[in-house]
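S.K.: Next come the chains, spelled out residue by residue.
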Amino acid sequence: MSVTTRPAAAAEAVPAAGPRRRWRRGGALSPPWLFAAPALFVYAVVVLYPSIAGVLYAFTDWSGIGGEMSFVGLANFRAMLDDEQALGSIANTLLLTVAILVVQNGVGLLLALGVHARIKSKALLRVIFFAPVVVSPVMIAFLWKYIYNPAPDAGLNGLLAVFGLPGRDWLGDPSLALWSIAGMVIWQNAGYSMVIFLAGLEGVPAELHEAAMIDGAGPFQRFRYVTWPLLAPALTINLMLSTIGGLKLFDQVFAATNGGPGYATETLSTVLYKQAFVYGDFGYSTAVALVLALFVAAVSFVQISYLRSREVAQ
Amino acid sequence: MSRESDWLREARISRAQFFRMMGGLAVAAAAPAALSACSTQQNTGATAGAGGDAATALKFIGVADQKAPMDELVAAYRKVKPGVTITTSFAPTDQVQTSVRTQLGAGNAPDLHVVYPGNGSAMSMTQIAQAGLLADLSAQAWTTTIPSGFKPAFQLDGKTYMFSAGSSVIGAIYNKKVFEEAGVGELPTTWSEFLAACEKIKKSGKPPIALGAQTPWVTQLITYALVPSTVYAKDPAFDDKQLAGQATFAGSGWRQAMEMYLELHKRGYFNDNPNGTTFEQQTSMVATGKAGMAIQVSAVLPDFRKAAAGDAADLSMFPVPGADDAAQVWIPAGVVVGLGASAKSGNLAEATAFIDFLGRQESINAWAKAIAAIPLTQDSGSTIDPAVESFLPFTKDRAVPFMDQRWPNAEVQPTHFAVIQELLAGKSTIDEALKKMDEAYQK
Amino acid sequence: MSHVRYGRRTFLLELVMIAAAVAFMFPVYALITLSLKDPGQIAESPLSLPAPPTARNFTAAWSSAALGPSLVNSTVITVASLVALVALGSFAAYFLARARTRLGYGLYILFLLGIVLPFQLGMIPLYQLVNNLGLLGTHAGMIVFYTGIQLPFTVFLYTGFIRALPREYASAAQIDGASHLVAFTRVVFPLLRPITGTVLILNAVFIWNDFFTPLLYLGGSGFETVPVSIFAFVGQYVSDYGLVFAGLVLGALPIVVVFLLLQRYVIKGFSSGLKG
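Protein sequences, first through last, are from chains A, Y and F. Anchor point for the first sequence: position 40 equals 24 in this note's numbering, and the numbering is continuous, going up by one each time. Counting the second sequence from 1 gives a position; this note's numbering is that position plus 3. Counting the third sequence from 1 gives a position; this note's numbering is that position plus 547.
Some hints could be false.
[Claimed, not checked] Capping the alpha-carbon separation at 25 Å, the derived lysine-lysine pairs in DSS-like fashion look like this:
| # | chain 1 | residue 1 | chain 2 | residue 2 |
| --- | --- | --- | --- | --- |
| 1 | Y | Lys206 | Y | Lys180 |
| 2 | A | Lys106 | F | Lys815 |
| 3 | Y | Lys70 | Y | Lys438 |
| 4 | F | Lys815 | A | Lys104 |
| 5 | Y | Lys438 | Y | Lys237 |
| 6 | Y | Lys446 | Y | Lys244 |
No wet-lab data here; the hints were simulated from the structure. These numbers were taken from a predicted model, which means no experiment stands behind them.
Using the sequences plus the hints, can you model the full thing?
M.R.: Encoded structure:
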């Protein structure tokens, strides 16, 4: 019961002789599954059971409090199709994710190339660009809420005014607020992308560059044909991290705009929060959560299989 | 009530049954004990880890506005009943809404907690009482003195589930100095006079009205200030008609109120970027004389006074005249946020005893004084904040409760917040806004 | 690039990068200068240097945000969760990486599922469970929560690393007669040091900064973590930017100091994290 009964398939035939046989019953070199049991137990209790129970709520009309509920079949999911707020939030979530994906990785790559070069301040610059990553996103959001305030002489507007540029109402203007939130997230996480690209750059052999230079390649050609292909693994990791992070984004929006103005910055995470705690429609909220989970799972699956296929190709 | 039905819809089941079914699915074979605990312990929602000593410990969770009066009255109660200790915690509305609702959902509510009057929000008396989670307070003496106009705020099906110390009004909190400097002598009593006063203040170089519409609940106050005159003065039974499906936002004076709201915006009577301005900035603008007034609920007068520091005497309030005939001006006067006892409390008797203490006239007076409210019932010891005296002539027959208190679900109010922000941003029209509110109302 | 001498182009690049860093630091400049100003200075000249600087905000924020106890709570919860994660995660991953059975592969996929599930899905059922176990508002409840919620990621990191390790080390130990347990703890686990560092760093940053769950589980309990205390503090004093920013500085300081002391390891941990 407690040990896998089949011998390890590849059978590096090693005689299982020794005083403590019970850990190696069956002669396998594979560790017993008991090794995984404690982790599995905690994982099942904290993640699996509550998630499955939560999924079941998605098919009910439970209010979140009180004793009564009905099964409503797929009604919550059908309602989502007519729900402007939910549909808008899906669009916002995707826009936000794409913006973060593109800009954060673009900025991260430029920063990585910059601090990878032989400049004297590189050690210090790395620390500066990376530092926001370790700070709580809620605190970053509170800081940026001030940076984004519409007063003409304070925060970002004050800085722009120094250069004679007009200020904006960063979080109050519905056509701007979503991008302002993206900006704040990118500011915090560009350093994260940077260090992953840096690790990739450090893996590019210097000899390749030298060979390319001897062949007469300029810096852009060297980047395009030498560095860039070798950065592919780092890029894949970065794309995956920023996609999952973007899709699940909650703390920053909650603290900065709570979905406003209007529904301009409502994301799937804030909608499911509001449905559960503000509107008192818990069943609908878990239906939204399920949609979010499917989004994240689908995107991760596509990215992982792409990664796999390329690993095979190499 | 809310969404299209399904064949399973009528099969109402209890949560205990639901959990048993989930147990049957054997989702977490690793945790069968935890599962069954889930289904059987729903009703033992006493304070977790309250300790086993003889003294009773009660837990209260409230919103930040309740801190001043609760601190005072909890201290007073300790002298009356030394055996009972009440631990209190206070937090902003969003946070309380999240944590208390989760606790209610898990059958783990604090003994006493914040309750919003009437209906229309997820933490409102009607919504929680309907779920059977609030203790019936009807046997307490103070409940017999609730003025009849306020009963829908306190009572569901004739039973009282919430305590509140009184009512507050919505009007203009204004800075006398700014008004004087702009040459506004008489306070306006009609809409035209109100616009004229705003014009003078604007000409003096200051925004007449500070609006902190980034803070969601602030967005609703101007509509609330106008709707009594544009809707209820003409049709006092509007709420009942709307509940019966005979009236809508779009087909009522709500349209006029929204037009007036936007007229203030178009004439440039608000500060720049109201959607990027918070309640706190709004408060500070008026308190420090950078703006003329803020349309606000009287319960925040203490915040304005605090922000004004030494110049608090410059601040006062007047009713916003929402009609051109002064006799047709009505005002909003609503019951202030209250509290209730959890029906599942392990110390229900002590929890309700504390509420009974709050219902004494001295307690009501103390609570009302701390938040500049009009006491629920009055005696010689009652005080009324001088700033709200100009509202008293209205309270008898030209006042209506805050609109959301009779809305049938918790979605109308947040929809109202959102559409106002969209209107201020020029991203929507009044037609669309009212349509969204009607749709939310019908859910 | 890196092989080029420090010439004029490198100097120009250096200037550009320093300019970028200065612009990047603008929010930090605002944070620190505002935290050193009184409300009058903030209203009059929000962007100037504080003149004169005042420490009043810091003393006031320290006492009213109750940061002392929160730091203790955050530290206890983070450290205990990390110990549990490393212990449970490395053992489980050893099995998952080495087992050549369907069970092993199936369990691995099951763990990976946890990375994509949004925690909101199980929020209320988990809350009920934690409550029924009497762990609500306790350190233990949060430690169990973080251990469970971060196990998928931890198992993922460890499994990838162990798969890349040659089997011979453990095999050799076992030929010498050591049990799986001894072979793992004495031989394999020490070899996992680099990935253990990554596991510790990534999980520490996540747990220390996590906000919503502690808000739900610890709000009003007296066991609040730093982000929850800061959230409540900001809600209470929101109009006084100097005070709020002093609170933010104090709240962020511990983790920033730790980062600066261990920067080499932290950056390495983050950058090597997902290479597996």
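S.K.: If a hint holds in the structure, say so; if it doesn't, say that too.
M.R.: Now for the hints, and whether the structure bears them out:
no., hint, in the structure
1, Y:Lys206 to Y:Lys180, "15 Å, holds"
2, A:Lys106 to F:Lys815, "15 Å, holds"
3, Y:Lys70 to Y:Lys438, "38 Å, violated"
4, F:Lys815 to A:Lys104, "20 Å, holds"
5, Y:Lys438 to Y:Lys237, "22 Å, holds"
6, Y:Lys446 to Y:Lys244, "17 Å, holds"
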